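Protein chains: 2
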Amino acid sequence: MAKNAFYAQSGGVTSVINASACGVIETARKHPDKIGKVLAGRNGIIGALTEDLIDTSAESDADIHALRHTPSGAFGSCRFKLKDLEKNKREYDRLIEVFKAHDIGYFFYNGGGDSADTCYKVSQLSEKMGYPVQAIHVPKTVDNDLPITDTCPGFGSVAKYIAVSTREASYDVRSMSRTSTKIFVLEVMGRHAGWIAAAGGLAADKNNDIPVLILFPEIDFDQERFMAKVKAMVDKYDYCSIVVSEGAKYANGHFLAEQGTRDAFGHAQLGGAAPVVANMVKEALGYKFHWAVADYLQRAARHIASGTDVEQAYAVGKAAVEFALQGHNSIMPAIVRTSSNPYKWEIGEAPLSKVANVEKMMPREFITEDGFGITDACREYLVPLIQGEEYPPFENGMPKYVTLKNTAVPKRLPEFKL
Amino acid sequence: MAKNAFYAQSGGVTSVINASACGVIETARKHPDKIGKVLAGRNGIIGALTEDLIDTSAESDADIHALRHTPSGAFGSCRFKLKDLEKNKREYDRLIEVFKAHDIGYFFYNGGGDSADTCYKVSQLSEKMGYPVQAIHVPKTVDNDLPITDTCPGFGSVAKYIAVSTREASYDVRSMSRTSTKIFVLEVMGRHAGWIAAAGGLAADKNNDIPVLILFPEIDFDQERFMAKVKAMVDKYDYCSIVVSEGAKYANGHFLAEQGTRDAFGHAQLGGAAPVVANMVKEALGYKFHWAVADYLQRAARHIASGTDVEQAYAVGKAAVEFALQGHNSIMPAIVRTSSNPYKWEIGEAPLSKVANVEKMMPREFITEDGFGITDACREYLVPLIQGEEYPPFENGMPKYVTLKNTAVPKRLPEFKL
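Chains as they are written, first to last, in this note's numbering: chain A, 113 to 530; chain B, 113 to 530.
Copies of the same chain look alike in the list, so a pair counts if it works inside one copy or between any two.
In the BS3-like style, the derived pairs of lysine-lysine whose C-alpha atoms are separated by at most 27 Å in a straight line are:
| # | residue 1 | residue 2 |
| --- | --- | --- |
| 1 | K517 | K348 |
| 2 | K193 | K400 |
| 3 | K400 | K529 |
| 4 | K517 | K343 |
| 5 | K146 | K115 |
| 6 | K512 | K348 |
| 7 | K343 | K394 |
| 8 | K466 | K195 |
Derived from the structure by calculation, the hints contain no laboratory data.
These figures come from a predicted structure and were not determined experimentally.
Between the sequences and the hints, there should be enough to build the whole structure, so can you do that?
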């Protein structure tokens, strides 16, 4: 008898997380004998706890297919972490109650490190609480910090966006440098790991001699050394591009973005690292600057997604369902790199016990000795991940993204307070 | 006897100004009997004054053609305005000296309002100083504020970038709004005119019910009315996107971006309008926010250029040469809209005396009565300008832009101090 599947999206969304949703749902639809309906949690695990479920069987094949090219989380996401079973058994009891009420035997959770922890906890329901459920984690995070997998779906597209944008803006500032702007600063995501910042280094290559300095969260910020480097670049090129991670910090652990800035009323002012770095350069060296903060634009930019990333995002969704059908529990499909040049990869499996709450940082050998650039080894790692363009369809000048109907499944249980 | 042509790029560069350069040079190359070499000014008019000329005949046809898809100013730009003839005859004498030394009979200047003024002044050299030169202005500005022409090459691509980015980021924040971000603020260019900000309104359409509020420089900022509007949007949609022009200001003329903010050392802090608006909303309504400042990314983003814009940028470059060959002086090719739906346009001509130093602002009827959105009339105006995608070629995951050799023409004159 076919059980229903639960699928939900968790944490910060990406331009390709819906491609994973597409992979899960399209694959499930091919196995009606084993999987009944895919019920999506509205806003992640919160949808399960509050019995706020979406009946994806009400969506047409065409709309589900359009998820492949639609950025963001089609079912809503959440920032919510399940507590340990010992500390909050109530939540686990509720999950089982909801799963039972809706005949759910498969649990697919699409997210990063924190979400892998949630998925891991659910995967233990069978063993610890006697409810038979197979929980498979579908990897996603622009931070690229999940262990074991070669990369995390979502990252390749952000990397491509940052590499392309840095190249384009560098051409711009190069044009302006004679009488105007000499410094362009781009702030990128990645509070703990510098993977996204590293992608800015791809703006330069053998045909594009562009001076790019990168401020990684992994390298303590040394203002004097940085200024010397900026000056050397401007002396040589007449301009310089700087990619700064939002997580860049001083040796004392303070973020560059926290400058104790106060507005006219004395309120603490939230700023970004980019204006701080730009003003610092202006003050030390006098160069005219421009700065940008990409923020959500970088992770939502489906229009310039990496074809490789889209393909991998779909593949991990598909593999999650296939693993479940093979009887697996408590694993995550992982991308296994078998060759860099040409890039070849296949899907492997990673046990959730080894994925949950583990962060993969940039290896030191991916950062140049001076701390401001990427090495050839890093380039060899990154370049395959941004290969290929898979443009969304356009209509009337704009990308045509799908908004699903998201029909609610009728509730069968009393309300549950989070 | 064929005279040489001078071509230069001026003011802020765009993702399609090189498409105009391509139009000028490719068209000139078709008329070797009338136009000798196209000599480009390195860094705009400064290249003419300092006799820093680039021999574009040293570039291959393929490289010139690649300018069509390469953002930025291939020959360098400048922010430099010629003074009036009466105030600085020395500069005009020098221009004539350089033009004579390099046999220049055609002057093509590619820029916005200030540059049109420079071009206008050069166009009067024949009449006022007896040197025969035909000066044609090639329109370019992301600000879209040149008069007479339907639009300014460069604007359509920025508009497309802002519309696409706002749609993508709105999908993102919609996904996150249940437990996290409810407000996304995007700061865009346009200090005097709200054309670029208006493009954010295109994120929403009949298939994309997205709440977008726009802060135009043309409408005095009223904090109370704005907060009421934000709250109404969040009450209805659970999230809201805000597009703020860098030129948004209070009734007293102060920019939102100037908040008298000081850093920990008491230094005045340059900020952006986006963080100011975001913090203001947080303080008044408590909503979690994200903000982005697109800055150079928006005008450099050739990867998402408007096909219409690329075509028009090329067409005005081509027309400039054709007008010159027809014996014209002191004009600018203008885009004339003959129909909106379907969009039809042709090239007309505008006298420089009516272009120089005139700014075209957003008509009030393009802004909704409440001041926070765009009207159907505005939409009818904007939509044609973002039509079509003309992607650059990609190689190894990255757009393949050309960097010209930019071979200097040997100098024949003594040095000139600016």
